[in-house]
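**Q** Sequence:
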Amino acid sequence: MRHLLAALLLTVAAGCASVSPTVPAVALPYASWTLQGRIGVQAGEQSLSGNIRWQHRAEADEVLLISPLGQGVARIVRNAEGVTLEAPNRSPRRAPDAESLTREALGYALPVAGLAYGWVIDYLQYAADARPRKLVVAREGLEIRLVADNWQTE
13 MRHLLAALLL
23 TVAAGCASVS
33 PTVPAVALPY
43 ASWTLQGRIG
53 VQAGEQSLSG
63 NIRWQHRAEA
73 DEVLLISPLG
83 QGVARIVRNA
93 EGVTLEAPNR
103 SPRRAPDAES
113 LTREALGYAL
123 PVAGLAYGWV
133 IDYLQYAADA
143 RPRKLVVARE
153 GLEIRLVADN
163 WQTE
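For the sequence shown, the positions run 13 to 166 when the working numbering is used.
It cannot be assumed that every hint is accurate.
Restraint-style ranges between C-beta atoms, simulated for each label pair [said to hold, decoys possible]:
| no. | residue 1 | residue 2 | range |
| --- | --- | --- | --- |
| 1 | Ser103 | Glu74 | 17 to 27 Å |
| 2 | Glu57 | Thr165 | 33 to 43 Å |
| 3 | Pro100 | Glu155 | 23 to 33 Å |
| 4 | Gly130 | Asn101 | 32 to 42 Å |
| 5 | Val148 | Val85 | 13 to 23 Å |
| 6 | Thr165 | Gly119 | 28 to 38 Å |
Hints were generated in silico from the structure; no laboratory data involved.
A quick note: this is a predicted structure, and the numbers were derived from the prediction, not measured.
C-beta: ideal position from N, C-alpha, C; glycine also.
Work the whole structure out from these sequences, hints included.
**A** Given below as structure tokens:
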């Protein structure tokens with residue numbers, strides 16, 4: 013009987029003990045990373061979808077856009093000289109920054125270097141390490157959906 017009472021008291025006392033809350037992981041900024049995933053862009057009546065491979069370094073970026081069938085659609089390279097857009101069967105285009113280049117080539121500026129005012133960002137899902145897994149970036153007339161299937165940091 014004594015043992016039963018002691019076990020009951022321990023159980024009740026343990027039930028009153030507080031549990032430390034789980035703290036979500038905080039995503040750390042990395043100077044170099046590679047993202048592989050899927051992208052969808054809706055701009056007015058135009059839309060495209062495919063895969064994306066984005067390799068970022070402090071001094072340079074390389075973004076490859078690939079069709080759902082695996083063919084290269086575009087390659088965007090940013091370095092100290094500016095930004096270059098290469099597409100099959102087209103002459104390379106160059107500009108001082110990505111926004112100018114995409115505005116010239118596509119008719120609208122994509123937020124490659126960073127998101128400026130006027131963009132609405134919805135983080136739909138996070139990975140275990142707190143990096144965004146699914147997100148939507150939008151402003152009037154343009155919506156970009158990104159699903160990050162794989163992040164690698166260096």
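**Q** Taking the hints in turn, state whether each one holds.
**A** So, going through the hints one by one against the coordinates:
1. Ser103 <-> Glu74: 17 to 27 Å: holds (19 Å)
2. Glu57 <-> Thr165: 33 to 43 Å: With Cβ atoms ~38 Å apart, the hint holds.
3. Pro100 <-> Glu155: 23 to 33 Å: Taking Cβ atoms as reference, Pro100 and Glu155 lie about 25 Å apart, which means the hint holds.
4. Gly130 <-> Asn101: 32 to 42 Å: The hint (32 to 42 Å, Cβ to Cβ) holds, given that Gly130 and Asn101 are roughly 34 Å apart.
5. Val148 <-> Val85: 13 to 23 Å: holds (21 Å)
6. Thr165 <-> Gly119: 28 to 38 Å: Holds - the Cβ-Cβ distance for Thr165 and Gly119, about 34 Å, lies within 28 to 38 Å.
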